[in-house]
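Modelling step: build the complete structure from the supplied sequences, incorporating the hints.
Protein chains: 4
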Amino acid sequence: MTGSTFGTIFKITTWGESHGAGIGVVVDGCPAGLELSETHIQAFLDRRKPGSSRYTTQRKESDSVEILSGIFEGRTTGTPISMLVRNTSQRSSDYSDIASYYRPGHADYTFDQKYGFRDYRGGGRSSGRETIGRVAAGAIASRLLSELGITVTAYTQAIGGIEIPDPERPLKNMDIEESRSNPTGMPDRETSLKAEAYLKQCMENLDSAGGIVACRVSALPAGIGEPVFEKLDANLAKAIMSIGAVKAFEIGDGVRAASANGSSNNDSFRMDDNKVTKTTNHAGGILGGISDGSEIVLRAHFKPTPSIFREQDTVDKNGGNITIQIKGRHDPIIVPRAVVVVESMTAITVLDMLLQNMTARVDRIKTFYGK
Amino acid sequence: MTGSTFGTIFKITTWGESHGAGIGVVVDGCPAGLELSETHIQAFLDRRKPGSSRYTTQRKESDSVEILSGIFEGRTTGTPISMLVRNTSQRSSDYSDIASYYRPGHADYTFDQKYGFRDYRGGGRSSGRETIGRVAAGAIASRLLSELGITVTAYTQAIGGIEIPDPERPLKNMDIEESRSNPTGMPDRETSLKAEAYLKQCMENLDSAGGIVACRVSALPAGIGEPVFEKLDANLAKAIMSIGAVKAFEIGDGVRAASANGSSNNDSFRMDDNKVTKTTNHAGGILGGISDGSEIVLRAHFKPTPSIFREQDTVDKNGGNITIQIKGRHDPIIVPRAVVVVESMTAITVLDMLLQNMTARVDRIKTFYGK
Amino acid sequence: MTGSTFGTIFKITTWGESHGAGIGVVVDGCPAGLELSETHIQAFLDRRKPGSSRYTTQRKESDSVEILSGIFEGRTTGTPISMLVRNTSQRSSDYSDIASYYRPGHADYTFDQKYGFRDYRGGGRSSGRETIGRVAAGAIASRLLSELGITVTAYTQAIGGIEIPDPERPLKNMDIEESRSNPTGMPDRETSLKAEAYLKQCMENLDSAGGIVACRVSALPAGIGEPVFEKLDANLAKAIMSIGAVKAFEIGDGVRAASANGSSNNDSFRMDDNKVTKTTNHAGGILGGISDGSEIVLRAHFKPTPSIFREQDTVDKNGGNITIQIKGRHDPIIVPRAVVVVESMTAITVLDMLLQNMTARVDRIKTFYGK
Amino acid sequence: MTGSTFGTIFKITTWGESHGAGIGVVVDGCPAGLELSETHIQAFLDRRKPGSSRYTTQRKESDSVEILSGIFEGRTTGTPISMLVRNTSQRSSDYSDIASYYRPGHADYTFDQKYGFRDYRGGGRSSGRETIGRVAAGAIASRLLSELGITVTAYTQAIGGIEIPDPERPLKNMDIEESRSNPTGMPDRETSLKAEAYLKQCMENLDSAGGIVACRVSALPAGIGEPVFEKLDANLAKAIMSIGAVKAFEIGDGVRAASANGSSNNDSFRMDDNKVTKTTNHAGGILGGISDGSEIVLRAHFKPTPSIFREQDTVDKNGGNITIQIKGRHDPIIVPRAVVVVESMTAITVLDMLLQNMTARVDRIKTFYGK
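Chains as they are written, first to last, in the numbering used here: chain A, 1 to 371; chain B, 1 to 371; chain C, 1 to 371; chain D, 1 to 371.
Any given hint might turn out to be false.
Identical copies look the same in the list; a pair holds intra-copy or inter-copy alike.
[Claimed, not checked] As a list, the in silico BS3-like pairs of lysine-lysine whose alpha-carbon atoms are at most 25 Å apart: (1) Lys275 x Lys317; (2) Lys371 x Lys275; (3) Lys172 x Lys371.
Hint data in this document are derived by calculation from the structure and do not stem from the laboratory.
Here you go:
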């Protein structure tokens, strides 16, 4: 069946394999009148580009985006925006032996089971390159949200067990600029250096590492989210868990809430400057699946890159037990490059639900239509 | 917008408020020919019934289900199955003062912000009673899965910080019968007693507790899940996070994966009895969003019940800072009653994706249509 | 698969068989704040009630609606509105012999082929009673549209070959009150009497008749409809063709357009009272799938009731050629009762697309959210 | 909102404007294992190519398709198939004056009303070039259907009022080869010549013509279609009415059914060679929204091309009454080029519903999964 479309009103459809002709996305339902050019998209794509540090693959991929439709005289027209990134660095021969066996931790076996065969070159559709479409669409969503004063910001919270200090401090106290310039994506230079040392060790051990990406949405109005199945947190969970290698999703206090008490977990409401606010934000900005006006706080837990250079046991397509050693170019960690992917999926989801909320009330519909 | 429908092929639409005329669900897309009666549904509903222990509310709710359509001569006809549970224990007066203020940790404020007003009686649509529709539908999904040899089993893994020993042991080593008969839902009597003592303490403290529900799916074939957005884990995440009070979702090793290494987190493939198996299951049965034939393992983290009997700070509808003390009947923990809800949402999701998978291959479609 | 849900934002899910416990609908996505009671729904349902004339079945069906959810203090809450009509007149024995053969023109054979068996009592899910859910939902849609100044009006244009004079005259020149009070639903008394005479003749011939229902939407703003697949006319076509017995759908000049020339078929634009108007309306109010501000004009062509009392050739379930004679209570025409069904499906579709249009422009979204 | 996606399981998303970089489609949900290459797609696209006769525009458009994803080693992989046709013949200057006024019969006015502005070059998204995506997707659907022994065939039934003789004769008695080689698309040479003479007259009159396209589906198994809203005919109606310029849709006898009697309109069932058949096919192969095993017969009624070279009254963007005379290259009729579009949309719809039907019965699901 179909699985490459996400969203209800702001709807994206991604396509493309690692070693096919290209990767792309069609963004349908983008409102008309947004100033948009390839420059805006490229800025987002560049944040996920490989080759920018020693901890990401050394492939030279330009990942230049071309907008094929939906823009006229510099603005979105309301019609679908099709974006294309050609694949340029295709060394298929690197992957030829992968055809015959199933790499542990990868989707080789499951794709074969589902479809009968697979495009084995570079992981095919399950390659990390698939996220290019998400990020190109996320750039648009993010840009439209910013028109509404809403910002979505992701960063690395932890690599391996190494976590930034005081991870629950508000976003304004995070050094986001730092996170955008260092190779880990962490908003804390000291922790980032520790994490780099850890990654160096992992590489020497022919091993890989996982980590945590946090994402926060600021200035989202209260009232966004559609009970009971289209709750804001439910849709964010799906958006984030659909990213390859994510194994857990948390909103607000997340797993810690399960061992807390109501008295410590409840956030008190208080008036502040004539506005309803919460004195704490254990809820992560969502109550009953609907935004409460506080910062949305979520976390994505990524598993270590499955491609490691150690010997591994596995089976081949003929049902034989074998031992393999993966070659080629593989990041020892995907977290730094995944930051912008988490940010993109969050932006897409939040925008979609913001648009969905516009039909919640008869009085507002009447005002909209001038009645 | 709409938010009360879940699923693509096996599609459920729930409706109803805590203190309205009733609660119900329409199950559309249930295949024809399944033997089904109210007895099967009632057995599931009875597992979430209040009043069965000291840790759940003492309301007397019969929660008797009536099947209104979709069954003929004891079998499903392929047409929508409508199920109705009348609300019987409606003491609306208990909730009259809730109308004027916002309870911390509840959806009172966010519903008002979204819709302009709310049905404040007993939480209205955000009441736990909303899950009746999910469970009635889950009973059907579970029954159909069992026809295919697939079982879905949920249980309580932890309450507060008290966790069952060796929580990662296979389901066959869990005492599920124990979990169905004690008041905590834990598959371990000793831990259950500790948890009960903890809950007793919470109640004496006028406080509440959270916990973890685990759920496992056995004998699911490999190949289920639709990349890239309709991955099995992505849909399970949405299904589970849409349940009220769930703040985190994990698949397999979940959050632990983020601090693991590739060498320890990868599951080796090995031939066992001529079948491809994994020697470990850190992945929780899902690779690349597609089932791998191993047990599916997920965990839902529930926050403590927000209704506690202590004094709490909040604001009223007129923007005044006030202190409230909640009265009425409220569970100190919702986890034991939520076990069957997690099991239901998992069954609904797995069944839906199992049906979606039927169109994955041309050769199988040809066989299906006799070509 | 599922087929009982219609609509994207204003979404209805119908259920129920002719001789089951009841018939109903869940309306999800109805905006909050609409004054609504069972009286409003009942008024619509009464328009499709049988037994009101000699040309409709003599069954005594009260068809009383109960609203089970979604209303609080007389207004919609934004949560799903569940409505139930109990079946009361169930003489299943009338239908016992239908079980063994396939009635020509009915869905008996196709249901058996699809599902392996069928609820044969009174047509089961393919009974005309299925439309009760559509009409109950249509009553809500119509009421909300009227809040926006938009009216949807259906009437009978033709029965057999007998057509009202000047069928293309504007709605304001139609005698809609007449159409609501006579047994044919025609807005012209003289033609109605002719049609009644024709129906009397049909009944004497043990035969049945078909006809045309027209529907018009007034005061719909320009801009409604979503190119290219969710065009307003495409969705109206689906809505109307999903009604049992409809065999053709026209918008504006419809089939006549195919033999016209561009010079006669094009509608000139002209300024009228400072507004853009069309001097003619061959287009039926839709250009490029989007409303143009003129009256929407559509027509539904209904086949004759397939249940006739003459002898008919058919086959039985065992593959034998047989001759049957249908008994029981059957309308010689369904058109008069279908008028409110066409009106309901049109209202549901137009409202849904009106809500969908709210996210078309960035500037309007900014205004909506106060930016 | 979104409107560029069609289908549920076999899901297509089209994009592109007449004078943008290109036109394309993403086909998601295509089953794995279908042999497919650009040759198959190109053959379909060539059938809608302009410039092939004097009755179609003289633009030189190569319309060469590139498959960007979803194919590996000559077979579909189950992942999305992205196809791109670059626009090459872009003389935007031809359209510069269109920017300032609204052409009668076109979507200029409604696009402006909806989106606030429009890409006016060549009709933008409402151009006939939009159908390239539909046809590319239709080529795939048609190819997959042929693997199941099902054929979809469209042809021109009428142009202006000139209709082929005996239009209801079975497909096997139609000269489809003739229809593919003459400039009208009619399966009858004599009528085609008459129609050509008529078109010549239209052109001399600076006028345009409409017509009827018929489409038939052979060998579709009984049981396809999902009551009550996803009926096969309802979805076909939406598919066909979503094609620009279609003003009416008929299934089987269509509008004629409205003036027929039950005794003449009902199709008798009879055993033929041990199979259930119908002695006539007034129903057009669909009963109760489900295929009955007979040939599916539908008709699409196209209005005349709105671009005519006569003087026409209209308004400009500033609200002035003006007279215009359209220039450029415009077909005097779109019907011949629309034949393959109707065939494509029919194939897409039929295939989608064929896939949807696979989950209708428990016993077949059990067989599918080896239980």
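Hint check results:
no.	hint	result
1	Lys275 x Lys317	between (63 Å within a copy, 11 Å between copies)
2	Lys371 x Lys275	between (29 Å within a copy, 18 Å between copies)
3	Lys172 x Lys371	between (41 Å within a copy, 22 Å between copies)
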